[in-house]
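Trainee: Keeping the supplied structure of chain A fixed, place chain B upon it in accordance with the hints.
There are 2 protein chains.
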Amino acid sequence: MFENTSITSLESLGEFGLIDHLTKKIQLKHPATIKGVGDDAAVIKNAEGKCTLITTDLLLEGIHFDLGYFPLKHLGYKAVIVNLSDIYAMNAKPKQILVSIGVSSKFSLEAIEEIYSGIHAACAQYNVDLVGGDTSASKQGIVISITAIGEAAEDEIVYRNGAKEFDLVCVTGDLGGAYMGFQLLEREKRIYVNNPELQPDLSGHDYILERQLKPEARKDVIDILKALNIKPTSMIDISDGLSSELFHIASQSDIGISIYEDKIPMDPATFNMARELELDPTLCTLSGGEDYELLFTIKQSDFEKVNNHPDITVIGHCTAKSEGMNLITKNGNKHTLLAQGWKAF
Amino acid sequence: MFENTSITSLESLGEFGLIDHLTKKIQLKHPATIKGVGDDAAVIKNAEGKCTLITTDLLLEGIHFDLGYFPLKHLGYKAVIVNLSDIYAMNAKPKQILVSIGVSSKFSLEAIEEIYSGIHAACAQYNVDLVGGDTSASKQGIVISITAIGEAAEDEIVYRNGAKEFDLVCVTGDLGGAYMGFQLLEREKRIYVNNPELQPDLSGHDYILERQLKPEARKDVIDILKALNIKPTSMIDISDGLSSELFHIASQSDIGISIYEDKIPMDPATFNMARELELDPTLCTLSGGEDYELLFTIKQSDFEKVNNHPDITVIGHCTAKSEGMNLITKNGNKHTLLAQGWKAF
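Chains as they are written, first to last, in this note's numbering: chain A, 1 to 345; chain B, 1 to 345.
Note that these hints are calculated values from the structure, not bench results.
Note that the coordinates shown come from a computational prediction; the quantities given were computed from them, not determined experimentally.
Yeah, the Cβ is synthetic: ideal placement off N, Cα and C, and Gly gets one too.
Don't take each hint at face value.
For lysine-lysine, the following PhoX-like pairs were computed, each having C-alpha atoms within a straight-line distance of at most 25 angstroms [as the list claims (entries may be wrong)]:
no.	chain 1	residue 1	chain 2	residue 2
1	B	305	B	263
2	A	50	B	45
3	B	50	A	93
4	A	305	A	219
5	A	73	A	139
6	B	29	A	73
Sample of chain A residues at the chain B side, in silico, Cβ under 8 angstroms [as the list claims (entries may be wrong)]:
no.	residue
7	15
8	29
9	102
10	116
11	117
12	139
13	317
14	319
Extracted from the complex, chain A is given alone in its bound form (with noise of 0.2 angstroms):
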């Protein structure tokens, strides 16, 4: 009968459809502005064939993180990890970091002395410098605004845009850990509520837990793609799951892409999680995320510098945009992939 039609639900949209929406508009003003929003990092121009990369992400507790199981120095860890993760996605290097926090006063300096501790441990890891930031009272929660920028040659950033039919689809690590480790501690959790006399039994998943809790961003694959001569065609991290990376990839180099599942790296341990959870392994790589680890596609002809590299793996191969988004199964068959990336709303 009568519907608002001038009310639209966020979950309706979803993130990336939001980021869309909002962005779609945008027209960039300076020359100097070479990528805006749209990939993992924006890149500026500031000299002759240099470039500075900047990314941020927003962290909220409740939302991407529970204090409940969450270390505060693993946390501070994480939320630098996830913005490195994104400047090296560009084929580039981080340099400095910004960091924001909003805290309730109920916290004490300690318990912010251990978020930074872990802030400051990325930044030696990373070799990275923290150069500003905020801080701020809040009435909601933890938040952690990080801001990360880095540099690179303009002739040697990597955007998500340059994928060509026929070129090989490769992954780094291994997948579907860092969910699995997500789905171990909020069992345990839930246990552990209904039944606070249970101690929490996470002995022996050590590799998941610290997928989970204590990721490492891929520095070493820069060094890695440099030292084997290979520029990849496009680029990104694997931070909401294979298959949300792979649409991004597609979309945006207007290609269609066809991976294998019995390719698709996977850590024992998280395989038999997956399979003590009851869930379907394959599914906990596609659409788990936070794993890290970057998903790249290089021309065929570079196909012998990566066969059998310790740290790369190739999953599947690009074909044209009509054929669409695939995975071929063990047995041989094919399915549409789905892009089941996090959904935020």
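Mentor: Same frame as chain A, now just chain B:
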């Protein structure tokens, strides 16, 4: 008797104490990092003689703004302005911003669009590109984190630490208006909450309301200074209140400052509202904050250039550090100035 000495409350430190505590041990690793924490913006050298400036500010619902009377469009506009102001305060020009927003899913798309319409309006007004950011669900009210990026020639950048004894202390525009606008809005809100049938009476108070709800950054002052051939010896924007900013200049420049009460520029509308609310007008300019005017020091030899300039008022002078921080009152008495900036905790 027994004190728990290992727990320190944030209230006992205050915002600046917390920042000092968390950042005092930072050692910068990259030679390109010219200025880290401690000024309006960080400064990164990116080419011979050329620098990128970066600053970030966090705005949290219930701390920095009250949606009870703050229109969403104005909120977006102001969130940009407070960041651009920090870039101008370095005698530099902003070129790009990144915007991260966290909102509850109960918000409609149209409400978010209102915030963004204010952000886009500020970008248009100040010739700035929106180049990136993040969006997230929030369980905790609206969170806005903006990062502004500017550029300047290395030798044109003005820091907080360059003021010398005998330099003149100048401010732009007039002070205290934003605080009076805030006090008026808070008063009318209290009246409305106590008796919802009474409509807020804001008529005739356009100036102070605009100072609070739609502040502007002093983009023009950067051009004025250049036209007058003045490079300030130090500069800061007035976000936390004149007194607090004077202390930043003095402590970083290792000097004392004396200012004259009768020189502090105040709009009649600000003065009248202070009187109506039974507040000391001078105290409102010293401690009010959010005016986003610029406070700077110049050499005495530049006095004639700014004398009688409609946008600039000389309010005092720099002294030896041993003379401390002083306010010379209208009747000639000398009072010690207190740093009563905004206390977040």
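Trainee: Evaluate each hint against the coordinates.
Mentor: Outcome of the hint check:
A C-alpha spacing of about 18 angstroms is found between residue 305 of chain B and residue 263 of chain B, which places the hinted pair at or below 25 angstroms, so the restraint holds. Note on residue 50 of chain A and residue 45 of chain B: the hinted pairing holds, with a Cα-Cα distance of about 12 angstroms set against a maximum of 25 angstroms. Taken as a hint, the residue 50 of chain B and residue 93 of chain A pair is honoured in the structure, with Cα atoms around 20 angstroms apart against an allowance of 25 angstroms. Taking the CA atoms of residue 305 of chain A and residue 219 of chain A, the gap is near 19 angstroms; set against the 25 angstroms cutoff, the hint holds.
Taking the CA atoms of residue 73 of chain A and residue 139 of chain A, the gap is near 21 angstroms; set against the 25 angstroms cutoff, the hint holds. For the hint linking residue 29 of chain B to residue 73 of chain A, the alpha-carbon distance of about 22 angstroms falls within 25 angstroms, and the restraint holds. A cut of 8 angstroms between beta carbons decides the hint on residue 15 of chain A: the least distance to chain B is about 6 angstroms, and the hint holds. Evaluation of the residue 29 of chain A hint against chain B yields a held restraint, the C-beta minimum of about 6 angstroms falling below 8 angstroms.
For residue 102 of chain A, the shortest C-beta to C-beta distance to chain B is roughly 5 angstroms, which falls under 8 angstroms, so the interface hint holds. Checking residue 116 of chain A against chain B: minimum C-beta separation of about 5 angstroms stays under 8 angstroms; hint holds. Hint status for residue 117 of chain A relative to chain B: violated, with the closest Cβ pair at about 10 angstroms, above 8 angstroms. For the restraint placing residue 139 of chain A at the interface with chain B, the shortest Cβ-Cβ distance is roughly 4 angstroms, inside the 8 angstroms limit, so the hint holds.
Checking residue 317 of chain A against chain B by beta carbon gives a least distance of about 30 angstroms; that is not within 8 angstroms, so the hint is violated. The beta carbon of residue 319 of chain A comes no nearer than 30 angstroms to any beta carbon in chain B, farther than 8 angstroms, and the hint placing it at the interface is violated.
Violated hints for the displayed structure, listed by number in ascending order: 11, 13 and 14.
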